[in-house]
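Undergrad: When you get a sec, could you build the whole thing from the sequences and use the hints?
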Amino acid sequence: MAIPPTNDVLGDQLLLGQAMLKINADVIGVQEVDEKLERSGEISQVRLLAESMGAADWAFAPSVIGTPGFKWRAVNSSEAEIVTNKNSHTNDGAELVGGYGIGIASKVAVKHWDRIDLGRSVIGMPLIIPAEGKDGKQKAKPIYVADEPRVALAATLENGWTVINTHLSFVPFVNLYQLRKIKLWAKKLGKQYGTQVLIIGDLNLPKGIPALGSSWNSLITQNTYPSWGAKIQFDYILSNSLKTDQYEVLDTVATGISDHLPIRVRIS
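Heads up: the sequence shown begins at 1 in the UniProt record's numbering, then just goes up one per residue.
Using 25 Å as the maximum straight-line C-alpha spacing, the simulated DSS-like pairs for lysine-lysine come out as follows:
| no. | residue 1 | residue 2 |
| --- | --- | --- |
| 1 | K107 | K22 |
| 2 | K187 | K207 |
| 3 | K188 | K243 |
| 4 | K231 | K22 |
| 5 | K71 | K141 |
| 6 | K243 | K191 |
| 7 | K191 | K107 |
Hints in this document: simulated from the structure, not taken from any laboratory.
TA: Given below as structure tokens:
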């Protein structure tokens, strides 16, 4: 969605496509995306961004069915846990319904898609969200938000990498538990497929915490939230194998479609 929010669905779709061209990535992980929800024009946002960046492979992993903040429920056994470019129409008999979650698009061919469910906090918290003030300027306002189920989506690429994308809970300690679960899963996938692994996404943890006390290093150390004046880092790219001379941190590109700034690296 555009920041500040608009009621122009077609305009938002155009902005999403333009943002992908600005970011210019071979592989991208996105959070808080819609799959055939009315509020976003009943399109697949991950498919749209994949087409915009020229990525043949893409996948969407719903964390909920419906719209967070309004009416939603957990994904059930009759519904698709991973929607991809190859099964988005038939989906092997699983029901396709409107959902909200995370996605990955890749110009590099994807050999395997995997998903892990991370659970949710039974309590919510007050959060700061973007809002437009009476003077037309971008501001922030607090609201109480119930937590939703969280998932992680992994794309194992033909170039020897597995990229895991996630959006963790905003509730303290719950997100640390979820991250530990992902790190263990990442090592399992790396061993299973014989790949190096990256963990990327919105971890809802302040700067440095995701790498503390572990073999994982944060390749990015920059504030990412809010996008109109970043004061804190919530977004990360974690690696347990890359050395400093094996990757390059790229400049931030403002997209106009998110309240978070994107982060980018180029791996040698």
